[in-house]
Every structure is written in structure tokens, then in C-alpha cells.
Amino acid sequence: MTAGTARSGSSSSSSSSPSLWPKMTFALDDAPANSPRSGELSFTRTGSEVRCISTPAVMAYTRKGAIPHLTRDNVARLPNEMVHLSLEHFLDISPPIFTRAPMSLHRFIGLYETPTYRQPILALGLRDTSSDKPLAPNQDKLIMAATLQGSAKISSDAMCDYLLAQPTEIVIAPSDEQRGSLSSKKLDKVIRRGLQWASDFIAKVDGRANVFVPLVGGQSPIGRSEFSNALLGDTPTRASQPAKVEPGQKPLDASINGYVLTIDSTLPDLHELCHASLDPLPSHKPRLALGVSGPHAILKTIQEIGLDVFVDEWSSQMSTVGVALDFSFPVPHEADTLEYDREHQRPIGLDLYDPAYDRSFIPLSSSTLAPSPEALHAFGPIPPTRAYVHHLLQAREMTSYVIIAQHNLTVMHRFFQNIRDVLRRGKEEFDLQVQRFNDTYEDQQVPEYRGRGYAVVMNATREFDRVNKERGKGSLRDKLAKDAVALAEGVATKMTPLPSPAVPGAVEVNGGSKRQKVA
1 MTAGTARSGS
11 SSSSSSSPSL
21 WPKMTFALDD
31 APANSPRSGE
41 LSFTRTGSEV
51 RCISTPAVMA
61 YTRKGAIPHL
71 TRDNVARLPN
81 EMVHLSLEHF
91 LDISPPIFTR
101 APMSLHRFIG
111 LYETPTYRQP
121 ILALGLRDTS
131 SDKPLAPNQD
141 KLIMAATLQG
151 SAKISSDAMC
161 DYLLAQPTEI
171 VIAPSDEQRG
181 SLSSKKLDKV
191 IRRGLQWASD
201 FIAKVDGRAN
211 VFVPLVGGQS
221 PIGRSEFSNA
231 LLGDTPTRAS
241 QPAKVEPGQK
251 PLDASINGYV
261 LTIDSTLPDL
271 HELCHASLDP
281 LPSHKPRLAL
291 GVSGPHAILK
301 TIQEIGLDVF
311 VDEWSSQMST
321 VGVALDFSFP
331 VPHEADTLEY
341 DREHQRPIGL
351 DLYDPAYDRS
361 FIPLSSSTLA
371 PSPEALHAFG
381 PIPPTRAYVH
391 HLLQAREMTS
401 YVIIAQHNLT
411 VMHRFFQNIR
421 DVLRRGKEEF
431 DLQVQRFNDT
441 YEDQQVPEYR
451 GRGYAVVMNA
461 TREFDRVNKE
471 RGKGSLRDKL
481 AKDAVALAEG
491 VATKMTPLPS
501 PAVPGAVEVN
511 GGSKRQKVA
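Counting from 1, one number per residue, gives the positions in the sequence shown under full-length UniProt numbering.
Worth flagging that the hints you see were computed from the coordinates, not collected in a lab. Some clues are possibly wrong.
Only pairs whose alpha carbons sit at most 30 Å apart, straight line, appear in this in silico DSSO-like list of lysine-lysine [stated by the list, open to error]:
1. Lys133 with Lys469
2. Lys300 with Lys133
3. Lys204 with Lys285
Let the sequences and hints guide you as you build the complete structure.
Okay, structure coming up:
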């Protein structure tokens with residue numbers, strides 16, 4: 001089979017029944033290609049149930065199938081509609097444990113339908129979208145994966161079987177994505193493998209699943225354009241990658257339901273690279289974005305590229321370092337009376353490790369996107385305050401992360417809700433509101449940190465590391481070392497176990513003591 005095409009009627013090695021796989025449709029509102037756009041994703045599950053998701057939309061990040069810091073009852077209180085799963089998180093066991101589970105993947109991870117909770121849309125892909133860990137190069141039949149126990153080589157056939165073992169609403173095909181600039185020879189390999197793996201995967205799917213294919217090509221606009229044209233069955237510009245459609249075959253794109261773009265906002269030519277991938281392809285298919293970090297980058301990619309769904313690992317990272325998101329979109333009109341410059345722009349969040357909040361008994365956020373106190377507290381009749389969360393963070397209490405995670409996920413959901421509302425008013429209004437947002441809130445000072453380059457985030461990260469060292473990882477080891485030194489000097493510290501008092505009539509047994517029965 002020629003790379004860039006898929007043979008119809010291929011059999012699949014997966015035993016999942018086609019009827020269990022939801023069917024997806026995407027209705028796009030009128031908008032020029034590769035510009036701000038809105039639409040609606042519809043998923044028809046078993047029977048006649050239809051789940052509709054308005055776009056642009058946000059997709060929650062998970063680790064090992066769980067949203068970081070939250071249990072299922074926490075998640076049930078949130079407006080969570082879509083969830084992304086990373087196969088890498090399950091590859092520490094071979095085969096992945098969920099592939100052998102006698103239940104659906106939704107039930108396996110605890111996100112199943114109940115009278116009080118609506119089952120979210122699941123998207124399953126290979127990569128952890130938050131990881132920037134370097135990996136060894138892939139091979140033609142072997143894919144490198146960053147598991148929780150280190151790097152692993154998985155055959156491309158096995159990887160496809162794992163991704164198709166359980167029905168999900170969206171499944172992302174494996175791809176040979178490489179960061180950085182690539183030599184001409186390596187770029188050819190990336191394009192060839194990407195086409196071959198996509199072709200093999202689509203043959204296994206055999207029309208059952210909603211397949212999203214990553215658009216590869218590195219930092220080369222020509223390479224990206226070649227890959228996209230090859231999906232359409234067109235002959236690329238270089239003769240080294242033939243992709244003519246042969247009789248009895250159809251273009252790969254005919255079996256593709258959507259596209260995936262890995263966004264590196266640090267690249268100066270990001271706009272050109274994304275358009276090189278998207279321009280040859282039909283604009284009516286949904287586009288899933290990975291790696292977009294922070295509200296500024298999200299607004300920019302919607303404005304300049306026209307993306308539809310965003311995996312949100314960023315807000316979970318903010319929750320981990322104690323940052324409560326505190327921005328509004330659109331910016332309230334009261335802000336128009338203020339004069340902004342670089343020195344007076346507002347931070348996008350609150351560093352709740354900051355001692356300034358130790359007596360701040362006000363709600364976590366003044367943002368119009370913040371959840372209501374009734375929706376957030378769930379810990380008692382009084383909603384949590386900044387001072388309360390500050391002291392929880394200083395004590396490294398897990399409740400602090402639960403409160404901030406609930407807050408941040410709600411802010412991001414409402415952020416996208418307001419983006420859709422503004423888009424309905426037209427492109428000019430959206431451009432105006434994006435400019436007001438950029439004027440009001442400070443952008444990242446260090447874009448290379450991929451969403452962690454905001455000043456407030458860098459300060460919070462330093463405080464997180466300090467508290468983590470003092471009260472978390474390494475603190476017991478450091479304490480034992482200090483105790484050993486103190487004992488050597490003949491001084492017992494407060495935490496050092498003191499010798500047990502002598503017991504009359506006791507004898508030593510295996511280094512301990514044993515009471516003798518006294519007549």
C-alpha cells in the first residue's frame with residue numbers, strides 16, 4: 001500500500017464492536033478558512049443519544065485517567081465536557097491495564113454516566129501533552145514512549161491495538177513528531193513514517209472510530225505542506241515522497257475526521273507553519289490543539305489560525321504551584337478608565353504562596369469568570385478565602401490544591417464560553433476584545449517556559465519548590481541527617497526518638513525489651 005492512501009475494506013485486529021464507537025459530526029459556522037471560527041461537535045452514542053459541544057472548546061487534561069488533584073465527586077461539580085487521556089500514562093504495564101478491563105473506558109476511569117453526572121467526551125492519544133521530555137528517535141516499526149517508569153519502545157502495531165482497545169469518542173493516531181529544526185533527510189523520514197503510521201492505523205480502524213491525525217513536518221513549511229498534500233493523495237513537491245492515488249484506493253484524508261496541531265508558541269514563524277499544514281486541507285474538519293499554554297496564546301491561535309478544541313494542561317500546572325487564575329474575558333468596561341502600560345498590567349493569577357495573602361479574607365478571585373461561592377466551597381457554609389488557601393499551601397495540605405484546581409478549571413471553562421459569545425458578534429469585535437485583553441494583562445516574560453513564563457507563575461514556582469523541600473520530598477531525609485549529626489554531638493533534637501525508659505524486671509530480646517511477669 002502506498003503511503004498517503006488507505007485501502008478500503010481492511011480488517012481490524014480490535015474486537016470492539018463498531019456499534020459501540022460514537023459517530024461524530026462537525027457543523028462549522030460561516031467563517032473564512034484559518035480565521036476565528038465557531039461551530040458545534042456532535043457525538044451520537046449507542047442508541048439515539050446525541051452530545052453536542054460548542055467550539056472553541058476546552059478539553060481537560062488527565063494523568064493516569066484522573067484530573068490532577070480532584071476526585072470523581074470533585075469533578076462532578078465542574079462544567080467538564082471533554083477529557084483527554086494519554087496512553088503513555090498506562091504503558092508502565094504491558095499490555096495497558098485498561099485494555100483488559102471488562103468495562104468501558106469511561107467506567108474504568110470513573111467518569112461514567114449517573115443521574116447527577118453527565119459522561120464527558122473522551123479523546124485518547126499517545127502523548128502526554130504537558131511533557132517536554134526528550135526521547136530517542138522513533139524507528140519504522142518502533143515508537144518511543146515516555147512512561148511513568150522511564151522510556152519504552154512499543155511496536156507500532158501494538159500501539160494501534162492499545163489505542164483501539166476501548167471505544168472512545170476521539171482517537172488520535174500515532175505520529176513521528178520531532179521538535180527543533182530537522183535536516184532534509186530526517187524530515188523525509190518524519191513525513192514517510194507519519195503517512196505510513198496513519199495509513200496502518202486507519203486500516204485497523206476500518207471506519208469505526210473518529211480518527212484525528214497529527215499534522216507533522218517540524219519547523220519546515222515545505223515539509224508541513226508536503227505532508228498535508230500527501231493526505232489528500234496529491235504528489236508532493238519532492239519526488240522522494242510519492243503519494244499518487246492508485247486504483248481501488250482512496251486518499252487518507254477521506255478516512256480522517258479531524259486534525260491535531262502541536263503548538264509551540266515560542267516559534268516566531270508559528271503562524272506560517274500552522275497555515276502550511278492547514279491551507280491544503282479542507283476547513284470543515286475540527287482542529288485539536290496540543291501544547292497551547294496560557295490565555296494569551298489561546299486567544300492568538302484562535303485569532304490567527306482558527307483552532308477548535310484545546311487540551312488544557314496549563315491550568316492544572318497552575319493549580320500545582322498555587323496560582324489561582326484571576327483574569328476576565330472580555331475585560332470589564334470599568335477597566336477602560338485606566339491607563340495601561342507594561343509596568344501597570346495585571347497578572348493573570350494570584351500567587352497564593354505570597355505572604356501578602358496571609359490575612360486576606362476575601363474570595364480567591366475577582367474575575368468575572370470565577371465560580372460562585374456556592375459552586376466552589378463544598379467544604380462548609382463559608383467559601384474559602386485567600387488567607388485560608390495561603391495557610392493550607394504553606395502546610396502543604398492537599399485541600400489547597402483541590403480548591404485551586406476546581407477554581408481554575410471553572411475559570412477556563414467560562415473563558416471559552418465567553419470566547420464563543422464574543423465570536424458570535426463578529427471578527428471585528430473579537431479582535432477588539434483580544435487587544436483589550438492583551439493591553440490589560442501581562443503576557444509571559446519568558447515564553448520558552450511554555451506557559452510557566454508569567455512573572456506570577458515563576459514566583460509561585462520558587463515558593464512551591466521551597467515549601468516542597470521543607471515539608472515535602474526530601475524533608476524527612478534532611479531531618480534524619482540533622483538528627484544523626486545531633487546524636488553524634490550528644491544532643492537529641494525534638495524529633496529524635498528518645499530511649500525507652502527502663503522497665504523493672506525486663507530482659508533484652510532481639511534488641512528490644514520484654515516484660516517479665518512479676519509474681
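Structure-based check of each hint:
1. Lys133 with Lys469: holds, 23 Å
2. Lys300 with Lys133: holds, 26 Å
3. Lys204 with Lys285: holds, 21 Å
When each numbered hint is compared with the structure, no violation occurs for any of them.
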